[in-house]
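As you go down the protein sequences, you meet chains A and B in turn. Those letters in the first sequence? Residues 1 to 239, by the numbering used here. Those letters in the second sequence? Residues 1 to 222, by the numbering used here.
Keep in mind the hints are simulated off the structure, nothing from the lab. Hints may contain errors.
What the hints assert, rightly or not - Chain A is nowhere near these chain B residues, computed Cβ spacing over 10 Å in every case:
hint, residue
1, 1
2, 46
3, 50
4, 52
5, 53
6, 67
7, 111
8, 160
As the list claims (entries may be wrong) - One-sided excerpt, in silico: chain A residues whose CB lies under 8 Å from chain B:
hint, residue
9, 83
10, 87
11, 89
12, 91
13, 93
Virtual Cβ for every residue (Gly too), placed ideally from N, Cα, C.
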Amino acid sequence: MAEPGLSVSLRQSGPIPLDVAFTCAPGEVLGLVGPSGAGKTTVLRAIAGLYRTRAGRVGVDGAVWFDSETGVYLPPHRRRVGLVFQEHALFPHLSAAANVAVALSDHPRAERHSLAMALLSRVHLEGLETRKPAELSGGQRQRVAIARALARDPQVLLLDEPFSAVDRRTRVHLQAEIVALRKDLAIPMLLVTHDVDEVARLADRLCILDQGRVCLTGRPDEVLAQPAIRALLLGDEAA
Amino acid sequence: MDWEAFKLSLLLAACTAGVLMPLGLILARWLAFHRFPGRGVIEALVMAPLVLPPTVLGFYLLTAMGGNSSLGKLWIAIFGHPLAFSFEGLVVASLIFNLPFAVQPMQRAFEALPPDVREAAWVSGLSPWRTFWRIEAPLAWPGLLSALALTFTHTMGEFGVVLMVGGSIPGETRTLALAIYDRVQAFDTQGAQLMSATLLAFSIGAILIANGLTARVGRRHG
Numbered sequence: 001m002a003e004p005g006l007s008v009s010l011r012q013s014g015p016i017p018l019d020v021a022f023t024c025a026p027g028e029v030l031g032l033v034g035p036s037g038a039g040k041t042t043v044l045r046a047i048a049g050l051y052r053t054r055a056g057r058v059g060v061d062g063a064v065w066f067d068s069e070t071g072v073y074l075p076p077h078r079r080r081v082g083l084v085f086q087e088h089a090l091f092p093h094l095s096a097a098a099n100v101a102v103a104l105s106d107h108p109r110a111e112r113h114s115l116a117m118a119l120l121s122r123v124h125l126e127g128l129e130t131r132k133p134a135e136l137s138g139g140q141r142q143r144v145a146i147a148r149a150l151a152r153d154p155q156v157l158l159l160d161e162p163f164s165a166v167d168r169r170t171r172v173h174l175q176a177e178i179v180a181l182r183k184d185l186a187i188p189m190l191l192v193t194h195d196v197d198e199v200a201r202l203a204d205r206l207c208i209l210d211q212g213r214v215c216l217t218g219r220p221d222e223v224l225a226q227p228a229i230r231a232l233l234l235g236d237e238a239a
Numbered sequence: 001m002d003w004e005a006f007k008l009s010l011l012l013a014a015c016t017a018g019v020l021m022p023l024g025l026i027l028a029r030w031l032a033f034h035r036f037p038g039r040g041v042i043e044a045l046v047m048a049p050l051v052l053p054p055t056v057l058g059f060y061l062l063t064a065m066g067g068n069s070s071l072g073k074l075w076i077a078i079f080g081h082p083l084a085f086s087f088e089g090l091v092v093a094s095l096i097f098n099l100p101f102a103v104q105p106m107q108r109a110f111e112a113l114p115p116d117v118r119e120a121a122w123v124s125g126l127s128p129w130r131t132f133w134r135i136e137a138p139l140a141w142p143g144l145l146s147a148l149a150l151t152f153t154h155t156m157g158e159f160g161v162v163l164m165v166g167g168s169i170p171g172e173t174r175t176l177a178l179a180i181y182d183r184v185q186a187f188d189t190q191g192a193q194l195m196s197a198t199l200l201a202f203s204i205g206a207i208l209i210a211n212g213l214t215a216r217v218g219r220r221h222g
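Excised from the complex, chain B in its bound form (with noise of 0.2 Å):
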């Protein structure tokens, strides 16, 4: 079992829900409650990366953190460092790799509450920061926890994105994925295995609490 593998997954995968929970949820928030012209080209955006290659996005996200990028230029020369196959460089693809995982639930879940009901919160003297804490939050619950499991479990699998823009440096951007694929190269079936059962149970389990939970809310509101 690579541990230091493990727990770097576990590194990218709360920094990646760390940093994308809070600007996933303004963003479909916004998208939820907004109509203007253009909406439909940014939830095809937040929606790409479902559809794209993950060997293309990573192809796409490794060119635009290259020294050769404004992007990878700049990054540079703030931190004297490349981007481009390092753990901040995984994190910044990770928050792009998991845009629609984080976006779409929390979207559906802003989109399903009653109109009304946030309006009858405003009526009865909330302002819409202390409606969002008191109505919205509360009720939109199960999506922002189904939102959050499918960034974790996703981020701690993901294989394509992370191998292109990270490589595989141990310590630095070999997450798990990318040590079970190294396993089987060097033909050791059973440390694949062992670590492939440990990404499988975590999945299982992260998903398995997160439907409890949400169960758990939708009992309390009767």
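The following block holds chain A by itself, in its conformation from the complex (with noise of 0.2 Å):
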């Protein structure tokens, strides 16, 4: 019976501790918080196929991408998955439409500009498919980062701080249109911020990291009502 959605379980002591275990559902937006150092971007990385742990197990849909009882490890270019990265992480020599381009070599040679055109429109950045990432703005550039997720035709998309490089009149529009895009895909999301309220705004459910652990996961207003999880995260934005 294939399980939907996706299903995470990684463990390690070293050098990076992990212990975490969660599910996301299809059309879900779990939000992975906690202070810095807790293992937000290292899980998103392992469910990438970026980074190994010794132990655990990673499913989507039925299918497993890593499994280390059984041996199964499959590497990022094979695992479908959208990761929009905190700095954008674009091809500097390639256009937007080309950078959106390179994820859909699954795609025929002849259909790829057009359906990257299309992406590009999605995220609203008509008209600007032959500028470099450094003609473009950064909020410009997270877009066309979105694009390029989204061109993987991903089972499941991961957010790492998407908003964090970007200012806050654009943090509001791209969050706008986070909100649009999990209307339209019904795949699991998982948004990695440090923003309490953002992630409150965005999510439907928490999952409450610290030192490797989880410590909470719940609805975010279950979650944030807890003093001892909303000193942990304040703190640390404090901080």
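Reconstruct the complex from the two isolated chains, following the hints.
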């Protein structure tokens, strides 16, 4: 029986201690929140296949991407995952359209350009297709990064502090786009952020991480009502 | 002007660059992206030809290629002539004394690539091989070009190692640098001047072309 959505279980004592287990249903936004060094980005990297933990299992819609017991480990290019990096990580020598088209390699060559244009249009970047990343603003670059992540036709969308490198006004616009996207995408979405208010608005559930362990999982209002959790998170924000 | 020596120098530089660029690229990329015990020792060995006196390096290479060495005996058994004092011997020596000139610029170019850009390529569905061709190579291109220019021009001008390993056999191992030395010994100042000027112009021209292409790549990347 195939389990829908994403199921993650990662365990290791070092070099980055991790002991986390959670699930994320299709269409759900799970916020991974915690102080710096809690292991949030490491969890995303492990799901994407960019980091291999000593033990654990990552399964998506019944398929196994990683299972330390059976020795299954799919390399990142064979996992259909969309990852939006904190600092965009766009390819500086390629135009916006070409950046997106790189992730369309499963499609016939003749279709890639038009698909890339459609994806750029979806993130409101019409007319900027030929620009290189250096000719785009921070917000525009992040939109290209989102379009590139979607081009992979991902089974899971991972957002690693996607709004941290943009100004407040752009952040509000990008957040609105994420809200619009989740209505269209019936896939699990994981959002890593430091911003408690942001994650409370965008996520259906929160998973609080501290020192590589899951402290608490639940609805944002329930989780954030706990004084110990607020102290943990707001203490980090204040820092 | 000793055109035979000039042609031989060009041929040696082309053979060296042709063999060393792909091998050096693999080594440079490996050193740039992997951390392992003994990495420092390998880097030191790659850099050694840069600090060793050419005569010392040439002496060791001559010993390694001589008729009494394992390599020398094997070479004679297969090809029927000694490796030392042959053009092939010069190519082998040239590959070794050019290692730092080929590997260093390429290694630094690969190390300068932001790690998340390579990772973004992988999660975009590109295999490591396609990531190299589509992302790493275009971004590291200035480093690859510098490595090519340095290897080529350094081979054209190398004197000490070439003299030790190749002697100065006309048409076989006498390169332009050795021909200049021979002309000076023979008090043919005019011939030495002409060949020196040719080598100088060639070297500066190669570096200017490499720098120009590098700047063009930089502008293209915005």
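We went through each hint and held it up to the structure:
Every beta carbon of chain A lies more than 10 Å from that of residue 1 (chain B), the smallest distance being close to 43 Å; the non-interface claim holds. Distance check for residue 46 (chain B) against chain A: the nearest CB is about 28 Å away, which clears 10 Å, and the non-interface claim stands. Residue-level check passed: residue 50 (chain B) sits 31 Å from the nearest beta carbon of chain A, beyond 10 Å. Every C-beta of chain A lies more than 10 Å from that of residue 52 (chain B), the closest at about 38 Å, which supports listing it as non-interface.
Annotated as non-interface, residue 53 (chain B) keeps its C-beta farther than 10 Å from every C-beta of chain A; the closest such distance is 41 Å. Chain A leaves residue 67 (chain B) outside its interface by the beta-carbon criterion, the shortest separation being 50 Å against a cut-off of 10 Å. For residue 111 (chain B), the condition that its CB be more than 10 Å from all CB atoms of chain A holds, with the nearest at approximately 16 Å. The beta carbon of residue 160 (chain B) is kept farther than 10 Å from every beta carbon of chain A, the shortest such distance being approximately 40 Å.
Among the interface hints, the one on residue 83 (chain A) holds; its C-beta lies about 5 Å from the nearest C-beta in chain B, closer than the 8 Å criterion. With its C-beta approaching chain B no nearer than about 6 Å, residue 87 (chain A) sits inside the 8 Å limit, and its interface hint holds. For residue 89 (chain A), the interface hint holds, since its Cβ comes within 8 Å of a Cβ in chain B; the closest pair sits about 4 Å apart. The beta carbon of residue 91 (chain A) is positioned within 8 Å of a beta carbon in chain B (closest approach about 6 Å), and the interface hint is therefore held.
Annotation: residue 93 (chain A) was flagged as interfacial toward chain B, and the flag holds, the nearest CB pair being 5 Å apart, inside 8 Å.
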